[in-house]
Structure formats: structure tokens, C-alpha cells
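For the record, the sequence lines run as chains C and A.
Letter by letter, the first sequence follows residues 549 to 794 in this note's numbering.
Letter by letter, the second sequence follows residues 3 to 450 in this note's numbering.
Don't read these hints as lab results, they were simulated from the structure.
We put the beta carbon where it would ideally sit given N, CA and C, even for glycine.
There may be inaccurate statements among the hints.
[Said to hold, decoys possible] Calculated cross-link-like contacts (lysine to aspartate or glutamate; reagent style DMTMM-like; alpha-carbon spacing at most 20 Å):
1. C/K605 / A/D414
2. C/K624 / A/E44
3. C/K766 / A/E376
[Stated by the list, open to error] Here are some chain A residues the structure puts well away from chain C; computed CB gaps all over 10 Å:
4. A84
5. A126
6. T162
7. L232
8. I251
9. I259
10. V290
11. V292
12. G314
13. G387
For reference, the chains in residue letters:
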Amino acid sequence: MKKKTITITMLLIWICVSIYAQTPTAEDILKNVDAVVNAPKDQDLKVKLILTDKKGKEKTREMSMLQKGSDKRMVKFLSPADQKGIAFLSLPDDVMYLYLPAFKKIRRIASHVKNTKFAGTDFTYEDMEAVRYSDKYEPEFLRKEDSLFVLQLIPKEGLKTDYSKLIMWIREDNFYIVKIEHYNKGDKLFKIMTRDKIEKIDEYWIARESKMQDLKAKHTTKMIFEEVKFDSGFSDDKFTKRNLKK
Amino acid sequence: MKKCNLIIIVLIIPGFSLLYAEFGIDWSGYFQTDNRALIKGEHDFSWHEYRLDLQLEAYPSTNTHFYSEVWLRTIGNSNIQASSDLYDKEKITSTNLYFKEAYLDIYGLILKDLDVRIGRQRIAWGTADKLNPTDNLNPDDLEDMWDFGRHLGSDGLKATYYLGDYELSAVFIPKFTPAVLPAGDWAAALSPSFDLPEGIILRNYSDKIIMPENNLKENSVGGAKFSGNLFNYDFSLSYVYDRDDLPLINKASFTPIDTFGTVDISAEMVYPQMQVIGADFAGSLGDVGVWGESAIFFPEKIILSTDLSALGMGIQESIALDDEPYIKYVLGGDYTFTNGIYVNAQYLHGFIHERGDDNLEDYLMFGLEKKIFEDKVKIMPVNCGFEIKDFDNFKDNYAVIFSPEITYYPYDNIEIVFGAHIIDGKDSSTFGKMKDSDDIYFKAKVSF
Chain C
549 MKKKTITITM
559 LLIWICVSIY
569 AQTPTAEDIL
579 KNVDAVVNAP
589 KDQDLKVKLI
599 LTDKKGKEKT
609 REMSMLQKGS
619 DKRMVKFLSP
629 ADQKGIAFLS
639 LPDDVMYLYL
649 PAFKKIRRIA
659 SHVKNTKFAG
669 TDFTYEDMEA
679 VRYSDKYEPE
689 FLRKEDSLFV
699 LQLIPKEGLK
709 TDYSKLIMWI
719 REDNFYIVKI
729 EHYNKGDKLF
739 KIMTRDKIEK
749 IDEYWIARES
759 KMQDLKAKHT
769 TKMIFEEVKF
779 DSGFSDDKFT
789 KRNLKK
Chain A
3 MKKCNLIIIV
13 LIIPGFSLLY
23 AEFGIDWSGY
33 FQTDNRALIK
43 GEHDFSWHEY
53 RLDLQLEAYP
63 STNTHFYSEV
73 WLRTIGNSNI
83 QASSDLYDKE
93 KITSTNLYFK
103 EAYLDIYGLI
113 LKDLDVRIGR
123 QRIAWGTADK
133 LNPTDNLNPD
143 DLEDMWDFGR
153 HLGSDGLKAT
163 YYLGDYELSA
173 VFIPKFTPAV
183 LPAGDWAAAL
193 SPSFDLPEGI
203 ILRNYSDKII
213 MPENNLKENS
223 VGGAKFSGNL
233 FNYDFSLSYV
243 YDRDDLPLIN
253 KASFTPIDTF
263 GTVDISAEMV
273 YPQMQVIGAD
283 FAGSLGDVGV
293 WGESAIFFPE
303 KIILSTDLSA
313 LGMGIQESIA
323 LDDEPYIKYV
333 LGGDYTFTNG
343 IYVNAQYLHG
353 FIHERGDDNL
363 EDYLMFGLEK
373 KIFEDKVKIM
383 PVNCGFEIKD
393 FDNFKDNYAV
403 IFSPEITYYP
413 YDNIEIVFGA
423 HIIDGKDSST
433 FGKMKDSDDI
443 YFKAKVSF
């Protein structure tokens, strides 16, 4: 009897260890997310934005987006006409610049602007930054839902953000984010981002469509990557103020 | 000539689509109407402008870029004096064509990190919002005093060398261009007062402007700017060798008309040379965006020679502009609250037309704006400025400018604007002189 109890106990310990070994830690999951999202050396994207108001009325914007690594991103508006030429540069250490062609000036974006809407979309300037989540958030493993990991991300001390927390759903098979719930300072859910049409191009995963939904305004912005190019070999010179106004 | 311009434009517009298809030339622009009427009296029209802006852009090769921007406008009223004028379309509805910019960029010329821009260009220096003491290379365009910060393009060459986060720009403009002055009452408001000797009554005033000699030394303008980032603040240091783009009287002759002291005055005006050393910064203080800009002006000394010999008083000389340096500066900040309200405030010492340490006034500007109804409406209910001519005698030397505005964006690329310019103050202040010119305005704009 005693021998049998020891055997069962050993078996249970083995099962627990196995389960533990199969479920990576929240930190590991988030590092994998960062690695997958920022896997390409660089990205050259042509983006279509569809803004839909609560009455279902749609507006369209087009922009080009270049990204190098995980912390340099350049966005330029191609349409509509009254926004054409507006360009946005995101650099490491929360440095962001905006070029307004009408004024022929590049303006440094102060932190208060980061949480405002980016050109009328439901994405904020902060959302448009190139980001490594593990550098900015403390993750906590909440649960596993079918084949998805669910993490809670709390901003690290000193991070300037309007989000009190993010709840993130991540595919188990490829560590790609499929959904993020954004909570405001009052800990109230106010924006949901979902990602669809996740596919592998070359050796990298990418969501062809992302949708940001503002729950209060009942307004959504769908971001569609119409053209995708990876590893074009951009130099750092692409991501400078010099290039922002070109 | 103007008709010819019109024909050219009419031919050019449909040709743009073809240019794009055949040569990759991109074109865009906007059409804007701007009508203003005085609030007081019979509500006279104070502004009437219909503007077609056309922008043409092309990348002839990987390292070159061409850009041009042209305004075709009708502005002001019909200039009809007699029935014969009715045969002249130009007098009935005058139009003008203005090349704002037309330049060629060459990227990586000779050196990989050297960019050169050649042609008519706007060189916008300074970090402040619209009122920039360091922005002196392009002449001021004061045609519309409510469009603060507008400048003419300058024909010249700009070379910029990039070294990491730092850049060094050098600008050469071969020929000096004067500022465009506002018409009507605004011109008087900006002009320094001309004190007549006691007992003298002015009948006619005429002047002539002495332009700088047409050579490299007298006519050319140049400047250099070094900019970079220190302690997370963007900064720049600049130097400009230029002429003041507003003319100054250096000679005045009094001619008596009668024995009662009535005179005609004929004056000569010059554009004084000046050197300007500037510095600016922009960054964040906590969550608040902050900027500052300062310029030290080193003007040429201008002596005003007043010829009163016809009145038996000889020739008198006084200092019209001293060569003592003076400083203009701006400090400002902005912030966006979590509810979307944006506020912007600036303190300015020395307005565009003011010269000399003793003549610089102080201005405080404040703006508040918020977008509502899913960003379809932008309201600027508190858009105001205060002019303080003399802190020691504030109540007799001030002006308050209030300019509320509402913009409606019914569709993409469409803007409809309603607003008002309301001024109160004392005649001793620049803006106070305009207190009877309050107006309301309506603008419509379509971008394409």
C-alpha cells in the first residue's frame, strides 16, 4: 500500500512538473511575443485605415509605414488630401517627431500628445509607436483559453501611459497577439484591439488586419496591411528627421 | 499678363493627371474662400479672398525631388472708377498668381550626408508657434494680419549637412526681398508715429524707398544654423546676416504750402542691415510640451535727417534706429488633457514690426481647443491675446484680442470655419488702434 502511494505521488509530481514545463512563464511568453512581432529586420508596409463611426459611416486613410527592429518606426500619410504629407517618427526612449508640411516644420511630440488620437483614428500616438512590450510592462499569467495564453500587463514604474493595464491574448503555437484589451486609469475597459488574417509571409508572422474599437465612442479603426515587404535592408538613416520631411 | 497667367493655369490643371500618369508627377492642393465683414457700422466687407492652391511634386530620380506651390487668387473688391473700366475684366475681378515655392532638392550631393535645396523656398526656423523671432530669412508676408507667421518664399540655396542627431544648415539668398505690408488701417497700426513739429499741419505725404544696391555685398542675405539634441531637448543656434524687411524713414523734407504752417512731406525710406543671433529649444517638462526662442538683433544705426530749411529751421538730425542690440523672445507651452482639451500659451516680447529695446512690447497669447462630435467639429472658444505696451501704466496701454472659432468637417477634405476677431484696448497700443475693425468671418476649404 505504502509503495503504491509513493508511486502515485511520484506520478503526480511528474505530471505537475511536465505541465509546468509546458507552460512557459508570463515573462517568457511576452519575450516570445516581442521576438515574433519584431522578428523581421525591417518592415515596409502600405496601410489602409478604415474608420467607422457609430452610424456605420466609413472614412478611409492610406499611409506608408516603415519599421526597423523593435524601436524605430516612420509613418507617412498618403491620403486623404488634407492629411497627405503628415509624417510621424517614433524612436527609442519615447522620442517622437511629427512633420506638418503646411508649416514646413518638424515638431517634437511631448508626452501629453502620446495618448491622443493619431490623425482621428482610434489608435493613439502611443499605439503607433514601435514597441517591445517586455521593456514597458510587467506581465502576469492569468489563464489559458483553449490554445491562447492570456496575460495581464501592468505598466512598469515610470512609463508614461494612459493605460492602467492591458489584457493580452496570445496564440500558443506562434506567440502572435490576437487581442488586446486596454483599460484606462479608472481600470475600465475602453478599447479593444483584435488581429485577424494572421499569416506567414516569408518566415515571419503578420496580421493582415487589426481592428481598434473605442467602446465609449462606438468608433472603430481597421488597419489593413495591403502591401508587405520584409528585410529590405533599411539603414538607420531612414529613421531620422532628415528623412521625415522628404 | 494676368490673363495669360490664367490661361496657363487653365491649361495646366487638366494636364496634371496626364503628368502623373506619364511622369510620376504628383499634384494636390486646395481651394479656399475667405470672407470677412465688420461687426460695427454697415458691416463693410473687410476681406474677400478666393484662393486656389496648387502643389506639384516629383521625384525625377532617387536622389532628387522637385516641389512647387502656386496660389491663384482673387482678392479685394472690384476696382471700378468709370464706365470704361467695365470693359476690363481685370478691374472687375482681379486675379493674381503667386509662386509660393518652387525648388529642387538634391540629396547626398557630393557627400552622402549633404542635402541641397535650390530655388524659391520657405526656411522656417524657430520652435515657437507662428511667432518666431529667429525666423528672419524669409520676408514677412503681413498681407493678412490674422495669418500670423506667414512668410514669402526666398530665392536661394540651402545646404544641410547631417551628422547623427546634429545638423548644420547654411543658407544663401542672393537678393533681398522686402516684406509685404498690410493694407488699410493695419498699415497705420504697424507704422511708427511720425511726430510733427508744433504748429505744423500735414497736407500731403509721399515717400520713396531706396532699395539696397544690386550687388552681392548690399543685396545678399545669408545665415547658418546648428541644431541637435541635449538632455532630451531639441535645440538650435543660428546666425543671420540680413536686412530688416520693414522700411524705415531716414530722410524727410518739409515743403511749406501756405503761411498757416501747412506742409507737404516727402520722405526716403531704407531697409537697415542687421545681424541676428538666435537660439531655441523644445522639449517636455513633465507632461507639458515647452519651447523657447530668443534672438539678439544687431541693427545698423539709421539717422533720420529732417530737412526743415524751407521753414527756416535748418536740417535736424535724430536717431531713427540705434545700433544698440535688442532681444526678442518667446516662451510657450502646451498640454492635452485626458478629456481631449488642448491648451497652448505663449509669452512674446517684441512683435514682428517692433524694433529697438525701448519699443518692444509684451504679448500673452492663449488658446484652447477641443474636437467634439467624433472629431467633426473643432471649437476654439478661448483664443485670445493681450498686448501690454507699458506695465507701469497698464490701463492706458493695453489691448485685448479675442478670436473664437468653430470648424466643421462634414466630410474628408472639407472644412467650414466660422469665427470672429474682436479687439478692445487703447489707441496707444498696436492692436488697440484696430478696435473699431472687429469682424466676423466665414471660410470654406476643400483639399484635393
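Among all the numbered hints in the text so far, which are the ones the structure does not match? Failing hints, ascending: 2, 5, 6, 10 and 11.
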